[in-house]
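**Q** Residues per chain, in single letters:
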Amino acid sequence: MKNKLHLAIRNLTGRPIRTTALFVLTAILSLTVCGGTLLVTSLRNGLHSLESRLGADIMVVPYEATTKASLENIILQGNTGYFYMDNSLMEKIANTEGIGQISAQFFLASTSSGCCSVSVQIIGFDPETDFTITPWIQRSYSKELQTLDIVVGNDLNAFVGDTLTFYGTKCHVAAKLEKTGTYYDTSVFTSKETIQMLIQSSIEQKLNYFDVDPEQVVSCVMINVADGYSVEEVLNDINIHVKKVKAVRTKEMIADISSSLSSVSDMIGVLIAAVWILSIMILFLVFSMNINERKREFAVLRVIGASRKKISALVMQEALYTGLIGGVLGTGIALLGVAAFHQLIEEQLELPFLLPDMRFILVIAVSALAISILSGILAASVSAGRISSMDTALILRGDN
Amino acid sequence: MKKVQITDILILLLSAALCLGVKLVFHACDSKEDSSWMACHWAQQAVFASGISLTIFSVLRFFVQKQTKMGLSFATAVLSIITAFVPGVFISLCMMNTMRCHAIMRPAVILLCILLAIVSVTDILLHKNGNEAKT
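Listed in order, the protein sequences are those of chains V and A. Residues 1 to 400 in the working numbering are what the first sequence lists, from first letter to last. Residues 1001 to 1135 in the working numbering are what the second sequence lists, from first letter to last.
These are computed hints drawn from the structure, not numbers from a lab. Among the hints, erroneous ones may be present.
Unchecked claim - Now the stretches of chain V that chain A is said to cover, found in silico as 3 or more residues with beta-carbon under 8 angstroms:
{"id": "1", "stretch": "143-151"}
{"id": "2", "stretch": "338-344"}
Stated by the list, open to error - Under the rule of at most 27 angstroms between Cα atoms (straight-line distance), these lysine-lysine pairs were calculated in the DSSO-like manner:
{"id": "3", "chain 1": "V", "residue 1": "K179", "chain 2": "V", "residue 2": "K251"}
{"id": "4", "chain 1": "V", "residue 1": "K170", "chain 2": "A", "residue 2": "K1023"}
{"id": "5", "chain 1": "V", "residue 1": "K170", "chain 2": "V", "residue 2": "K143"}
{"id": "6", "chain 1": "V", "residue 1": "K246", "chain 2": "V", "residue 2": "K92"}
{"id": "7", "chain 1": "V", "residue 1": "K206", "chain 2": "A", "residue 2": "K1032"}
{"id": "8", "chain 1": "V", "residue 1": "K170", "chain 2": "V", "residue 2": "K206"}
Stated by the list, open to error - Not close to chain V: a few residues of chain A, all C-beta gaps over 12 angstroms, as computed:
{"id": "9", "residue": "A1017"}
{"id": "10", "residue": "K1023"}
{"id": "11", "residue": "A1049"}
{"id": "12", "residue": "I1081"}
{"id": "13", "residue": "G1088"}
{"id": "14", "residue": "F1090"}
{"id": "15", "residue": "H1102"}
{"id": "16", "residue": "I1104"}
{"id": "17", "residue": "R1106"}
{"id": "18", "residue": "A1108"}
{"id": "19", "residue": "I1110"}
Every value quoted in this text rests on a predicted model; they were computed, and no experiment measured them. All residues carry an ideal CB built from backbone N, CA and C; glycine is no exception.
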């Protein structure tokens, strides 16, 4: 057995160019399978995360927010911005029939933070009524947020106990949220009271050009429909009876993202299938040519006592090593590439992107490796069958 | 000129890629509007300085004896591991992980440094095995 292993390895190392080409081919196969599956899974995770983070049936915003397209930029793309509507509108909305839960949110874009040339989106919520942000913050921080306490998104380079200054007001980082793969990762969350103070500071320092009374405005209203009512019914009711606002179904907001995700997934799926079919075909051709080339070598092995089964096993072992080494290389490159550059991929795709947990990544890696090995073995099995049925005498006489 | 091995060429290529790449390809964030630099710029400069040292080490490899080459490989492995920790650990980067210094510079520097350390350690092991085989 040891000799057979040794012979298979020597056969591979004896033809470095052919072996390298086979390694590269199987590496490309496993890289495409592992990298592609990781990308699709991360995009799907990102979309599910975004769906659950939106967490409300209906979102009501000032009408001008929808016409300036700033709404989707802020909610879905993670751009910083703000819009406000009068508090009285929220009271009108609250009186609509069929409202189950209702809570206001407040947006503010910070100026460049101390260290960086980018601004941060600050989102304020009312802890007493909130049902979208609080359940998610409670995963990382179970206490009540005090005045000037903030909770930072996972992609912000700030940690619990740090102090961040917004518009000259020092805020204390009370918690850091887990990764969501959405715009929440680059946002800062705080209570209604704190964001009203920050809005006031921004107005006093003349750093924001709007003239509002922070205690009399809200940015958007999140609504969950009561049991027995349909979302469509409540949405139409608000749009008809409350002026200067636009009620949007949150599922519709992410419809574009869903369709982009579906296109990207389809594209990656086709690519994986194409690479797999192509690899199998090339591997099959390479192994067939290789067997034809080495017919005399196998015939000599038969003459010195190697059984047909042993020669077939030798071919299969070469295919196994090729698949294993190429698979490990390709899977390793895919894992390193996606893990290291996932932020860049997210930026380029402009879609929510959340890497799966370690266990799932391991499953994907092992599957890609298995596909690479099995493809090699499958391609070699036909050649192994042929070699075991050849007539040694004819080959050595040169008649075949 | 001594006998050139594949590891010598790889180490030279990776060191040069780190040195030039951090300035030209996977550089840190641009300056602020007031032309002042953010923290990540200084991390980039530190990686560039390390990259120059690593490139000098890798050029020297072509002119020295085997034992000295092993020493240079060891120094390259240690320096590349230290360099991997420069962005984000020894010198902090920008506020958001979505910024260029986090999304491009840091992973590229870490990857190149890991590859450099792996090739350097492989080179040490190859030389060590060669010496043992001779004795």
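**Q** Please settle this one: R1106 (chain A) was flagged as non-interface, so is its CB more than 12 angstroms from every CB on chain V?
**A** violated (8 angstroms)
**Q** Please work out if K206 (chain V) and K1032 (chain A) have their alpha carbons no farther apart than 27 angstroms.
**A** holds (21 angstroms)
**Q** Any Cβ of chain V at or closer than 12 angstroms to K1023 (chain A), or is the non-interface label fine?
**A** holds (19 angstroms)
**Q** With a C-beta cutoff of 8 angstroms, work out whether three or more residues of the stretch 143-151 of chain V approach chain A closely enough for the coverage to hold.
**A** Per the Cβ count (0), the hint is violated.
**Q** Far enough from chain V: is every CB of that chain over 12 angstroms from the CB of I1110 (chain A)?
**A** Since the minimum Cβ distance to chain V is about 7 angstroms, I1110 (chain A) lies within 12 angstroms and the statement is violated.
**Q** For a C-alpha distance cap of 27 angstroms, please report whether K170 (chain V) and K143 (chain V) respect it.
**A** Holds, because 20 angstroms separates the two Cα atoms, which is no more than 27 angstroms.
**Q** Next pair to validate is K170 (chain V) with K206 (chain V); report whether the Cα-Cα distance is within 27 angstroms.
**A** holds (18 angstroms)
**Q** Over 12 angstroms to the closest beta carbon of chain V is the bar; see if I1081 (chain A) clears it.
**A** Answer for I1081 (chain A): holds, closest chain V Cβ roughly 16 angstroms.
**Q** Below or equal to 27 angstroms on CA atoms is what counts here, so check K246 (chain V) against K92 (chain V).
**A** Roughly 13 angstroms separates the two Cα atoms, so the pair holds.
**Q** Checking a non-interface call: every C-beta of chain V should be farther than 12 angstroms from the C-beta of A1049 (chain A). Is that right?
**A** holds (22 angstroms)
**Q** Over 12 angstroms to the closest beta carbon of chain V is the bar; see if I1104 (chain A) clears it.
**A** Label violated. Min Cβ-Cβ 6 angstroms, cutoff 12 angstroms.
**Q** Are the Cα atoms of K170 (chain V) and K1023 (chain A) separated by 27 angstroms or less?
**A** Not OK: K170 (chain V) and K1023 (chain A) at ~36 angstroms, beyond 27 angstroms, violated.
The earlier numbered hints that this structure contradicts are 1, 4, 13, 15, 16, 17, 18, 19.
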